[in-house]
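**Q** Residue numbers (my numbering), protein chains in the order written: chain A, 170 to 300; chain B, 19 to 84.
Hints were generated in silico from the structure; no laboratory data involved. It is possible that some hints are incorrect.
[Stated by the list, open to error] Facing chain B, from chain A, some residues (calculated, C-beta under 10 Å):
id: 1; residue: V180
id: 2; residue: P241
id: 3; residue: F245
id: 4; residue: R263
id: 5; residue: L291
Every residue, glycine too, gets a C-beta built ideally from N, C-alpha and C.
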Amino acid sequence: MPNAGPYALVVGGKCSLMRDPSLALDIRMQYRIVEASGDRGPYKVTITAYMYIVDDHRGREVFSYHWQPDGPKVKFPHLHVEHPAFKKAHFPTRRISLEEVLTLLIADFGVQPLKSDWERVLTGTQQKFAT
Amino acid sequence: MTTKTSIVRSRRLTSREARQLFDREARRHLKMSGTEFLRRWEAGKFDGQADTSAVRRVAMLLPFGR
Numbered sequence: 170m171p172n173a174g175p176y177a178l179v180v181g182g183k184c185s186l187m188r189d190p191s192l193a194l195d196i197r198m199q200y201r202i203v204e205a206s207g208d209r210g211p212y213k214v215t216i217t218a219y220m221y222i223v224d225d226h227r228g229r230e231v232f233s234y235h236w237q238p239d240g241p242k243v244k245f246p247h248l249h250v251e252h253p254a255f256k257k258a259h260f261p262t263r264r265i266s267l268e269e270v271l272t273l274l275i276a277d278f279g280v281q282p283l284k285s286d287w288e289r290v291l292t293g294t295q296q297k298f299a300t
Numbered sequence: 019m020t021t022k023t024s025i026v027r028s029r030r031l032t033s034r035e036a037r038q039l040f041d042r043e044a045r046r047h048l049k050m051s052g053t054e055f056l057r058r059w060e061a062g063k064f065d066g067q068a069d070t071s072a073v074r075r076v077a078m079l080l081p082f083g084r
């Protein structure tokens with residue numbers, strides 16, 4: 170068995186998204202390596218915490234999805250909306266995948282995808298997340 | 019180790035590079051060193067601030083700092 174972790178993963182510091190005005194996506198994850206059976210074995214990665222943060226073109230947070238079960242306070246997956254009236258609210262969610270966040274940004278925020286078959290790609294990897 | 023596809027390039031950090039990244043992020047978001055963040059975090063000294071965006075962003079990278 171390799172060192173199981175936890176490990177941290179940062180995607181690009183902040184990924185600039187193709188949109189006018191632009192948005193930036195800051196992806197931070199923690200994961201462990203666990204034993205798995207079947208096609209995905211003998212080991213697979215399992216996400217143990219995540220933070221998907223969307224910032225506006227000035228670097229101000231717009232909204233973010235969090236799940237930090239080992240964190241000091243809120244253990245359940247939740248959404249933060251950077252509205253002055255609700256800044257401290259933790260809107261409960263189920264576990265959210267990165268694919269769902271990318272789909273949201275493309276479908277509802279007008280972010281331009283790099284691949285024309287983005288929907289097929291994201292749906293395919295989303296199905297693996299769900300199993 | 020660097021892995022590259024047509025769009026994505028991933029890089030595995032050495033322990034030293036990981037600590038440097040953690041230190042940079044602590045300085046960028048909280049104006050303190052990574053060592054100081056770790057000391058305060060483990061002493062529970064972020065009471066009242068632990069749920070701010072800046073602290074949360076750095077805390078997610080704790081595996082890099084330890």
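**Q** Each hint needs a verdict: does it hold in this structure or not?
**A** Results for each hint:
1. V180: holds (9 Å)
2. P241: holds (5 Å)
3. F245: violated (13 Å)
4. R263: Result: violated, 20 Å to nearest chain B Cβ.
5. L291: violated (13 Å)
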